[in-house]
Each structure stands twice: as structure tokens, then as C-alpha cells.
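Trainee: Here the protein sequences line up with chains P and Y, keeping their order. Read in the UniProt record's numbering, the first sequence has 48 at position 48, and its numbers run on one by one without any break. Read in the UniProt record's numbering, the second sequence has 144 at position 144, and its numbers run on one by one without any break.
In short, the hints are calculated from the structure, not lab data. All values derive from a computational prediction rather than experimental measurement. A few of these clues could be false.
What the hints assert, rightly or not - Over 12 Å on every C-beta distance to chain Y, these chain P residues come out as not near it, computed from the model:
id : residue
1  : M1
2  : Q6
3  : F8
4  : A18
5  : D23
6  : D26
7  : R34
8  : P46
9  : T56
10 : A57
11 : S62
12 : A78
13 : P82
What the hints assert, rightly or not - Partial chain P-side listing against chain Y, Cβ under 8 Å, derived:
id : residue
14 : L22
15 : V24
16 : A59
17 : G68
18 : R76
19 : V83
Where a beta carbon is used, it is the ideal one built from N, C-alpha and C, also for glycine.
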Amino acid sequence: MKLQVQLFGPFRDFQPQALLELDVADGANVAAAREALAAHAASHWPACTPGLLRSTAFASESALLRDGDALPADGRIAVIPPVNGG
Amino acid sequence: MDTVDISAIRALVAAPRDAALDPARALEFVTHEEFGGQALFVGRVRRHNHGRDVVAVEYDLFEPLVRTTFEALAREAFADIAPELRVYVAHTHGRLEVGDIAVVVAAGSRHRDEAFRACRAVIEGVKHRAPIWKREHYVDGSSEWSEGCSLCGHKA
Chain P
1 MKLQVQLFGP FRDFQPQALL ELDVADGANV AAAREALAAH AASHWPACTP GLLRSTAFAS
61 ESALLRDGDA LPADGRIAVI PPVNGG
Chain Y
1 MDTVDISAIR ALVAAPRDAA LDPARALEFV THEEFGGQAL FVGRVRRHNH GRDVVAVEYD
61 LFEPLVRTTF EALAREAFAD IAPELRVYVA HTHGRLEVGD IAVVVAAGSR HRDEAFRACR
121 AVIEGVKHRA PIWKREHYVD GSSEWSEGCS LCGHKA
């Protein structure tokens, strides 16, 4: 399936568009999205560090997702790097 | 204590300097004739951070999940602190100048202790759990995304 990945915070510096498309297997879980993002980062984003990828969570519009969770059926997810509001 | 439901939540994302960030509006929302206590937190952009001169701050946020998270934080305050509370939380996005308001949290309750605790719990949650990112712009023209809290492994 194709994932529409919304980029936030420091990920916005890695490419001009805030939306990234990634391919994962049908029925894949969030861990597969994490692996696909890491592979994309390794080949396209030299400034993206392993530490940032490790500390980044994923979310749908309504909830944080754990690595074992199914991906949203609509294929829309957000990358959530470490947060610092307020 | 009566069983009247006087709890309520207002969770907002607003443009810089929008009226939603007016502390008076936040206090008005948490006002109730049964409540004798109100607590207010206002977060503004400050001039210096870690020894560097800040000229502006830029907030990026994932708006739908920010609102969901703010509502969850308020519901947790109802469960953990007092079932009868009114909670107002508003955060801005985009570019702010020094002195601009970034966040407003207000809590109203029957007594002061619950109001202080609810206000503190909600602002701590805003800082540590809401999908919001801050980039500081410095006087020398450089900018940096601030260090943050990882949400990996955090409860959904």
C-alpha cells in the first residue's frame, strides 16, 4: 500500500514538501512504516540522524500509534519527532 | 456536594495574536458561580534562551491531534484532580515575536488547590505530550528546532 506521510518539525527541513509517499506491504504495521522511513532517510536525507529516527513516533489524526499497531486504512500517517510545545 | 455537571473543556489552536489567546477570554470560560478558584498560565516568547538572543519563534503543529491531546489532558484532570472543573487551553502556530503569547491555560474549580493542580497538569501535558514543535530564530540569522520529548512508547 502507499502511505501518505505528513512531516513535521525538524523533518520539514529535509525536503521542501511536507508530504512524503512511501510504499509498504499490504497489511503492514507501523514498524514497517518506520523501516520505510529510515530507508528513505538513508538514501535522501543526509542530515537526518539515527537518533532522530529512533525518537520519532507515528500518529493518525486521532491517536499516537505503536510499532505493533496496524497502519490506518486510509494510509495517512504523521511523523511525530520529539515535541516541545508551550 | 451536588451532582450538577459543571465540567467543560475548550481546546483551541489559533493564529498568533488571535483573540483565543486572550487571558481574559480564558478566565471568562472557566468562570462558574459554583467555582471559587481560578488559575491561569500564560506562556510568552522570551528574549533569551540558553544564552542566545531570540528574535522570533515558529511553531509547527499537527492540529487535529493537538486538539485531541488537549481534550484528553483536560479529561485526565477531571479524573485525577476533580470531576468538576472547567479547562481552557489554546496554543498558537506560525511565527511569533518576542513577547507574543504562545499558550494560555486556565482552570476553574470550587477551590484553589484543584484549580492550581489542573492548570499545572494541563500545561505540563501541553509541553510534553502535544504534537507541537518549536523553532527558535536568533539575532545572528540562524535558527534551530528546540530539543523535545520523544513520544515513542508513550500511551496513545
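Trainee: All hints, please: hold or fail.
Mentor: Now the hints, each set against the structure:
1. M1: With a cut-off of 12 Å, M1 of chain P remains clear of chain Y, as the shortest Cβ separation is near 21 Å.
2. Q6: violated, 7 Å
3. F8: violated, 5 Å
4. A18: violated, 9 Å
5. D23: holds, 23 Å
6. D26: Label holds. Min Cβ-Cβ 23 Å, cutoff 12 Å.
7. R34: R34 of chain P is in fact no farther than 12 Å from some Cβ atom of chain Y, at 10 Å.
8. P46: holds, 17 Å
9. T56: violated, 7 Å
10. A57: At about 4 Å from chain Y, A57 of chain P fails to clear the 12 Å cut-off, so the statement is violated.
11. S62: violated, 6 Å
12. A78: Answer for A78 of chain P: violated, closest chain Y Cβ roughly 5 Å.
13. P82: The assertion about P82 of chain P is violated, with a minimum of 3 Å to chain Y.
14. L22: Given a least distance of 18 Å, the restraint on L22 of chain P is violated.
15. V24: Violated. Min distance 19 Å.
16. A59: holds, 6 Å
17. G68: This interface hint is violated because 12 Å lies over the 8 Å limit.
18. R76: violated, 11 Å
19. V83: holds, 5 Å
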